[in-house]
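S.K.: These protein sequence lines are chains E and R, in that order. Each residue of the first sequence is one higher than the last, beginning at 1 in the numbering used here. Each residue of the second sequence is one higher than the last, beginning at 1 in the numbering used here.
Derived by calculation from the structure, the hints in this document are not laboratory data. Since we're looking at a predicted model, the values are computed, not measured. Where a beta carbon is used, it is the ideal one built from N, C-alpha and C, also for glycine. Among the clues, some could well be false.
To be verified - The calculated label-pair distances, taken between Cβ atoms and stated as ranges, are:
| hint | chain 1 | residue 1 | chain 2 | residue 2 | range |
| --- | --- | --- | --- | --- | --- |
| 1 | E | Glu88 | R | Cys113 | 37 to 45 Å |
| 2 | E | Met159 | R | Asn20 | 43 to 51 Å |
| 3 | E | Gly60 | R | Gly116 | 28 to 36 Å |
| 4 | R | Asn5 | E | Gln127 | 27 to 35 Å |
| 5 | E | Gln127 | R | Thr62 | 28 to 36 Å |
Number of protein chains: 2
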Amino acid sequence: MDNFNYYSPTEFVFGKDRENECGELVRKHGGSNVLIHYGGGSAIRSGLLAAVKNSLDRSGLTYTELGGVQPNPRDTLVYKGIELCKTEGIDFILAVGGGSVIDSSKAIAAGVCYEGDIWDVYCGKAQIQKALPVGTVLTIAASGSEGSSSSVITKEEGMIKRGTHSDHIRPRFSILDPMLTCTLPAYQTACGATDIMAHVFERYFTNTPEVEITDRLCEAVLLTVVKEAPRAIKEPENYDARANIMWAATIAHNDIVGVGRSQDWNSHGIEHELSGLYDIAHGAGLAVVMPAWMQYVYKHNIMRFAQMAVRVFGSEMNFADPEQTALEGIKRFRSFLHEIGMPINFEELGAKKEDIPVLAANMAEKYTTRGFVKLTREDVCKILEIAADAKL
Amino acid sequence: MDNFNYYSPTEFVFGKDRENECGELVRKHGGSNVLIHYGGGSAIRSGLLAAVKNSLDRSGLTYTELGGVQPNPRDTLVYKGIELCKTEGIDFILAVGGGSVIDSSKAIAAGVCYEGDIWDVYCGKAQIQKALPVGTVLTIAASGSEGSSSSVITKEEGMIKRGTHSDHIRPRFSILDPMLTCTLPAYQTACGATDIMAHVFERYFTNTPEVEITDRLCEAVLLTVVKEAPRAIKEPENYDARANIMWAATIAHNDIVGVGRSQDWNSHGIEHELSGLYDIAHGAGLAVVMPAWMQYVYKHNIMRFAQMAVRVFGSEMNFADPEQTALEGIKRFRSFLHEIGMPINFEELGAKKEDIPVLAANMAEKYTTRGFVKLTREDVCKILEIAADAKL
Numbered sequence: 001m002d003n004f005n006y007y008s009p010t011e012f013v014f015g016k017d018r019e020n021e022c023g024e025l026v027r028k029h030g031g032s033n034v035l036i037h038y039g040g041g042s043a044i045r046s047g048l049l050a051a052v053k054n055s056l057d058r059s060g061l062t063y064t065e066l067g068g069v070q071p072n073p074r075d076t077l078v079y080k081g082i083e084l085c086k087t088e089g090i091d092f093i094l095a096v097g098g099g100s101v102i103d104s105s106k107a108i109a110a111g112v113c114y115e116g117d118i119w120d121v122y123c124g125k126a127q128i129q130k131a132l133p134v135g136t137v138l139t140i141a142a143s144g145s146e147g148s149s150s151s152v153i154t155k156e157e158g159m160i161k162r163g164t165h166s167d168h169i170r171p172r173f174s175i176l177d178p179m180l181t182c183t184l185p186a187y188q189t190a191c192g193a194t195d196i197m198a199h200v201f202e203r204y205f206t207n208t209p210e211v212e213i214t215d216r217l218c219e220a221v222l223l224t225v226v227k228e229a230p231r232a233i234k235e236p237e238n239y240d241a242r243a244n245i246m247w248a249a250t251i252a253h254n255d256i257v258g259v260g261r262s263q264d265w266n267s268h269g270i271e272h273e274l275s276g277l278y279d280i281a282h283g284a285g286l287a288v289v290m291p292a293w294m295q296y297v298y299k300h301n302i303m304r305f306a307q308m309a310v311r312v313f314g315s316e317m318n319f320a321d322p323e324q325t326a327l328e329g330i331k332r333f334r335s336f337l338h339e340i341g342m343p344i345n346f347e348e349l350g351a352k353k354e355d356i357p358v359l360a361a362n363m364a365e366k367y368t369t370r371g372f373v374k375l376t377r378e379d380v381c382k383i384l385e386i387a388a389d390a391k392l
Numbered sequence: 001m002d003n004f005n006y007y008s009p010t011e012f013v014f015g016k017d018r019e020n021e022c023g024e025l026v027r028k029h030g031g032s033n034v035l036i037h038y039g040g041g042s043a044i045r046s047g048l049l050a051a052v053k054n055s056l057d058r059s060g061l062t063y064t065e066l067g068g069v070q071p072n073p074r075d076t077l078v079y080k081g082i083e084l085c086k087t088e089g090i091d092f093i094l095a096v097g098g099g100s101v102i103d104s105s106k107a108i109a110a111g112v113c114y115e116g117d118i119w120d121v122y123c124g125k126a127q128i129q130k131a132l133p134v135g136t137v138l139t140i141a142a143s144g145s146e147g148s149s150s151s152v153i154t155k156e157e158g159m160i161k162r163g164t165h166s167d168h169i170r171p172r173f174s175i176l177d178p179m180l181t182c183t184l185p186a187y188q189t190a191c192g193a194t195d196i197m198a199h200v201f202e203r204y205f206t207n208t209p210e211v212e213i214t215d216r217l218c219e220a221v222l223l224t225v226v227k228e229a230p231r232a233i234k235e236p237e238n239y240d241a242r243a244n245i246m247w248a249a250t251i252a253h254n255d256i257v258g259v260g261r262s263q264d265w266n267s268h269g270i271e272h273e274l275s276g277l278y279d280i281a282h283g284a285g286l287a288v289v290m291p292a293w294m295q296y297v298y299k300h301n302i303m304r305f306a307q308m309a310v311r312v313f314g315s316e317m318n319f320a321d322p323e324q325t326a327l328e329g330i331k332r333f334r335s336f337l338h339e340i341g342m343p344i345n346f347e348e349l350g351a352k353k354e355d356i357p358v359l360a361a362n363m364a365e366k367y368t369t370r371g372f373v374k375l376t377r378e379d380v381c382k383i384l385e386i387a388a389d390a391k392l
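Chain E extracted, bound-state conformation (with noise of 0.2 Å):
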C-alpha cells in the first residue's frame, strides 16, 4: 500500500426533508450572504428552490440567486457568478443541483479569490488558494462532487472540458435527500449510475499491490449499484434504492475507496473530449469508453479483471484460463450498461468515427502520462475505435 493522506471534512446530512436545515448548516457554516447557485427550471417547479429559500429566511440569511446551470458547466456562467458574488458580497455559495451546478459552484468559490482568470487553475497553469465557502443541496446521485475535491467546468470557446481539485472547494456541507432523486428520469438514473461505477473502476485498476481493504471497499460501492440501479430504474420512487445509490455516490468519489494505490482515470479523460464535443451526458460517454478501454488494457493485469469478474458480477472463475473470466467481467459491465438503457456504441451515443483523431489529439496532456496502462493518442484512437463499434 502507497502512503497516503486522507481528508473529507464535509459534514453529510442525509434523509427525507433534510433541505430545511440548509439555513442553519450555512449559518453553522460561517455564511451569511449567499449566491443560490441552480440549474434549469426543475429546481423551481418541484419547490426545492422554494423550500431552500424559505430555511434561508427562517436562518435569517441574505441571499441572491443564479440559474441557468447547464450540463457540462460553462465558464461563461463561472464568470457572470464571480461578477455577481464580487458585487453582493456574497460569502457563501449554495448549490442546488447535480454535479454540474456543484462544479460550477466550485469554480465561481475559487474564482472570487483569484486575481487572474479561473480557467488557469483548469488548464493547470495555476492553483487554488483560496475560495469562498460551499455548501450542496443534492439533486442526483453521480458526480460525488458533494464530497469531492474536484470541479470540472468546459470552456464554451472550442467546448474545452477541463478539471481541478483541491481541498478549499471541497463543501462544507452537502445535504443528500434521496427523495429529490425519485423524479429523476430512467436515463439520467441510468446515466448517474454509470458515473459511480465509473468512479470506483477509475481507482480499482491500479498498479499498487497489496491494497485488499480498498479494493474490497471498491467492490462494495459496485455491488451496491449493480444491485440498486435496475431497482431505481424500475420504480423510480423507491427510497431505499435511491438512498443507497445515493451514499454509493458519494462513497465512490470521496476517496475513501481509494486511498494508498495508484489510480488510472483515462477513461474519465478520453470522455471528457467525448461530452466536451457532442455536449452529451458524462454517464452516457463513460457507458462507452470505459468498458473499451478494459478490452484495450485487461492483459497488463487479467487477473485484477478475473477479480472484478467473479467478485463484482458474480462469474464463475475458470482456473484453467483466467482470461476467459477477465473477458466475461468486461461483457458482464457492457451487458449491465446495455440492460440500464445506457448507449454501448458511437451510434447510440450520437458520437462520429471520423472524429476519432480530433478526440484523440484534444485530450489533456495529464492523462496520457499516467494510469494503469499509460496510453499514447494513438491507443487513445484505438479504444476509441472499439467504443465505437462495440457490440454486446
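For this one, chain E is given, so just place chain R on it according to the hints.
M.R.: Below, chain R alone, put in the same frame as chain E:
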C-alpha cells in the same frame, strides 16, 4: 435506510515514517504548547517518543510529557493530566500510543474544559461541550479511536468502565504508520483484529432494512481482517498486512460503515464489565462474548446471520435450512478467533462463572434498552453462561 449525519473531519496521515510530520501537523491544527501523552516504556524503547519530540522541536513547539497510561485507562491518570494541562497552559494534546492512550487523551482534553468532575460525562450526567484539540500517533490497529468521537475510561475505584462520545473529542489529525505495529506481539495483534471485527459486527446486526451499501462496506472490512490478520500474526513484519489492517481499523469505527442503520453494541456493553473487573484486554473479552451473543440472538434474524456466514466466512448457503448456515457462520467466527490465538471461553480468558451475576448487574443501563435484540439482565447472564462454557 434511516436519516443520518456523517462528519469525520480528522486528517489521516498514513504510511511509513509519517510520525516525523507530527510537529507540522500540530502547528497546522493550532497547537503550540503540547502535552505528549503515552503509555509504558515501549514508546521510549522503540525510539518513537524521541522521533515525536524531534519533530515537535523542529516545528518550534514546547511540550510536557505524561506517560503511564495503562490498558483500560484509569480516571486517576486523567485527573493528573487535567491538572498538568492547567498548570502548564497546554493547548494541544498529542496521544502517542493505542486506543487506551487516545481515550485517556480525549478524557483529559474534555476535562480541561469542564468545570465539574469529568467522570460526569462518562456516567451520563453531562455532555462534552468543549475540549482541547487532540492529535494522535497510533501504535496499534484496534480501537478506531484515532478517527472516532468515542472515549472509554475506567474508574479505578470499583473498576467501572464507561464510555462517552462527542464530536469535540474527535482527533484533528491521526498519523497511522503501519511500521509502528510491526513489533506488536501476536496476542495484541489478534486482540486488535477482534476489536475491529467487533466494531463492524456491532453495526452489521441491525434492524434497519434496505442497507445494502453499508452491509457491503461492513463485509469489505470483515473480509479484509479475515484475510490479513492471520498473515500479520504469521509474518509480524509484513508491512502490507499491517497496512491493510490499520486502515481497516479506522474505517471500522469512524462510522462510514454504520450510518443510516440501527446498531447493537450490547457485546461491547457486556465486555466492558469483563475487562473492567479482570483488567483484561478488550479484544480478548470480545472474542469470548461476541460469538456467545450471536448464539443467543441469531434466531431474531436468521437470514442476516446466514448472510454473514456466506459473504464473510465463505460458507455455502443451505437453501433448505438457512438456520444451519447461520450457525455455521457463528462457528466459523469462533474458530477464526481461536486460530488467531484468542480465548473462546471463561477458562481461557481467566474469568469466573461465579462472577456472572455481578457482571450482569453492573452492566451500564444504556446497553439493555437498545440494540438488535433488547436484553434483560437475565439475558445477559445467559449470554455469559454460553460464553463461559464455549467450545469449538
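S.K.: Now tell me, hint by hint, if it's right for this structure.
M.R.: Going through the hints against the structure:
Checked against the given bound of 37 to 45 Å, the beta carbons of Glu88 of chain E and Cys113 of chain R, roughly 39 Å apart, stay inside it. Between Met159 of chain E and Asn20 of chain R the Cβ separation comes to about 47 Å, which falls inside the hinted range of 43 to 51 Å. For Gly60 of chain E paired with Gly116 of chain R, a C-beta distance near 35 Å keeps the hint of 28 to 36 Å intact. Under the hint 27 to 35 Å, the C-beta atoms of Asn5 of chain R and Gln127 of chain E, about 31 Å apart, fit the expected range.
A hinted range of 28 to 36 Å holds for the C-beta pair Gln127 of chain E and Thr62 of chain R, which are about 33 Å apart.
Hint check: no violations occur; every hint is consistent with the structure.
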